[in-house]
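For this one, chain A is given, so just place chain S on it according to the hints.
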Amino acid sequence: MDHRDITDIDLLEYLAGRLPPDRRAAVEARAAGSESVRRRLDELRGTWDALGRWEVDASDRDLLPGVLARVERERTLVVRLPSRWRAVARVAAMWLVAVAVGVGAGRYVVSQRRPTEQDGATAAVEDEDVVQALYLDAIGSGDALGLVQSVTENGTSADEEVDQ
Amino acid sequence: MAKPARISDAALMKQVAGGDMPALGELVRRHQAKVLALAIRTLGREDLAEDVAQDVFVRVYKAAPKYTPDARFTTWLYRITLNRCMDVLRRNKRQTVSLDKVADVAGASGKTDDVVRSETAGRVRKTVDALPDRQRLAVILHRYQDLSHHEIAETTGWSRSAVESLLVRAYANLRKALADLG
Chain A
1 MDHRDITDID LLEYLAGRLP PDRRAAVEAR AAGSESVRRR LDELRGTWDA LGRWEVDASD
61 RDLLPGVLAR VERERTLVVR LPSRWRAVAR VAAMWLVAVA VGVGAGRYVV SQRRPTEQDG
121 ATAAVEDEDV VQALYLDAIG SGDALGLVQS VTENGTSADE EVDQ
Chain S
165 MAKPARISDA ALMKQVAGGD MPALGELVRR HQAKVLALAI RTLGREDLAE DVAQDVFVRV
225 YKAAPKYTPD ARFTTWLYRI TLNRCMDVLR RNKRQTVSLD KVADVAGASG KTDDVVRSET
285 AGRVRKTVDA LPDRQRLAVI LHRYQDLSHH EIAETTGWSR SAVESLLVRA YANLRKALAD
345 LG
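Sequence lines, in order, name chains A and S.
Just so you know, we're using the numbering used here here: the first sequence kicks off at 1 and counts up by one.
Just so you know, we're using the numbering used here here: the second sequence kicks off at 165 and counts up by one.
For reference, chain A alone in the conformation it holds in the complex:
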């Protein structure tokens, strides 16, 4: 095997102790026989060891009481209403949203029909429309768990950053 077969990723995984035995042996053999591989490995080991000096010891923390308290709050919110009342509340909430949308749309239409009204009044109606829109956005924002791929959204892709 040519030493160019040994990539920096191989060397990093070697330092992390995550290479399978055959690949590990290959890295060691190449490092023993090649000055350039040995130098690359030494440089990466230096960086690896330096990074090890940033220690974060969270082993003495106990998150459980806080987690259980939050879970209990969530459960209380859900079970406080009997299921049939939950269904009623859900329907009522939908009606309220529908009425709010209707009122907002009605105000908008009225404001469009009266272009001679003072600017301030018109602006106030528009502001309310914006609030309605944002509220509806929030309702429709889907994923209750928040497990969207936010790591990869809002910005360049990993590949693009690599090219930077």
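Because the hints were derived from the structure by calculation, they are not lab data.
Where is the CB? At the ideal position from N, CA and C, for every residue including glycine.
Among the hints, erroneous ones may be present.
[Stated by the list, open to error] Among chain S residues calculated to face chain A with C-beta under 8 angstroms, some are:
| hint | residue |
| --- | --- |
| 1 | R194 |
| 2 | Q196 |
| 3 | A197 |
| 4 | L200 |
| 5 | A201 |
| 6 | R209 |
| 7 | L212 |
| 8 | V252 |
| 9 | T284 |
| 10 | S312 |
| 11 | H313 |
| 12 | V332 |
[Said to hold, decoys possible] Per the computed footprint, the stretches of chain A lying under chain S, defined by three or more beta-carbons under 8 angstroms from a beta-carbon of chain S, are:
| hint | stretch |
| --- | --- |
| 13 | 6-19 |
| 14 | 63-69 |
[As the list claims (entries may be wrong)] Residues from chain A shown here face chain S by an in silico Cβ test under 7 angstroms; the list is partial:
| hint | residue |
| --- | --- |
| 15 | E43 |
| 16 | A50 |
| 17 | V56 |
Below, chain S without anything else, positioned relative to chain A:
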């Protein structure tokens, strides 16, 4: 006497889905240190990190009924943690400094070992913080969360080749900035 076999994370998740709170407690005990450390390193603030870490386990609890063990539990757990950290970072814009400035902070003659150790740790932290976001996350997951580059790809959703490039570039940047510590 033989030790009882350790129940898997996936099996614990099944129990949590059935409302078994001790199973949730066991998952928290097993993974809280790693989740908290990931949040601390990603956010740079312990108070925010603890809040995020607690929220992560609440989300685990709520997601348990729908959980399917397609990948390692920790891969899924760290993805939730990173997503929550990203949400928080978007709200509280992260302040970064340039790698050049970090490198200038060296020098600690006449100081006690503890002070030097603490300053060195602070310098390493600032150096990692100064990396571009994706390089920084890749290094944190690789060096501190013990994830291989394959697992980092699974956790973040980035391609394997992208993760490899990010890691190589990140370690090259770090080598320059931390050369005197190595």
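Next on the checklist: The hint names A197(S) as touching chain A; please verify it with the least Cβ-Cβ distance against 8 angstroms.
Outcome noted: Holds. Min distance 5 angstroms.
Checklist entry - With 8 angstroms as the cut and Cβ atoms as the points, is A201(S) at the interface with chain A? => result holds (5 angstroms)
Next on the checklist: Just to be careful: measuring from the Cβ of R209(S) to every Cβ in chain A, is the smallest value less than 8 angstroms?
Outcome noted: violated (12 angstroms)
Checklist entry - If you take the shortest Cβ to Cβ gap from R194(S) to chain A, is it below 8 angstroms? => result violated (11 angstroms)
Next on the checklist: Between the stretch 63-69 of chain A and chain S, are there enough contacts, at least three residues with CB-CB distance under 8 angstroms, for the coverage claim to hold?
Outcome noted: holds (count 5)
Item to check | Interface hint for T284(S), Cβ within 8 angstroms of any Cβ on chain A | outcome: T284(S) check passes; min Cβ-Cβ to chain A is 5 angstroms, inside 8 angstroms.
Checklist entry - Does L200(S) meet its interface restraint, that is, does its C-beta lie within less than 8 angstroms of any C-beta in chain A? => result This hint holds: L200(S) lies near chain A, its Cβ roughly 4 angstroms from the closest one there, short of 8 angstroms.
Item to check | Closest C-beta approach of E43(A) to chain S relative to 7 angstroms, hint status | outcome: For E43(A), the interface hint holds, since the closest Cβ of chain S sits about 6 angstroms away, which is under 7 angstroms.
Checklist entry - Would the hint on S312(S) stand, with a C-beta cut-off of 8 angstroms toward chain A? => result At about 5 angstroms, which falls below the 8 angstroms cut-off, the nearest Cβ of chain A leaves the hint on S312(S) intact, so it holds.
Checklist entry - With 8 angstroms as the cut and Cβ atoms as the points, is V332(S) at the interface with chain A? => result It holds, given that the least Cβ distance between V332(S) and chain A is near 5 angstroms, below 8 angstroms.
Checklist entry - Does the nearest C-beta of chain S fall within a distance shorter than 7 angstroms of the C-beta of A50(A)? => result holds (4 angstroms)
Item to check | Evaluation of the interface hint that places V252(S) against chain A, nearest CB under 8 angstroms | outcome: violated (11 angstroms)
Comparing the model with each earlier hint shows violations of hints 1, 6, 7 and 8; every other hint is respected.
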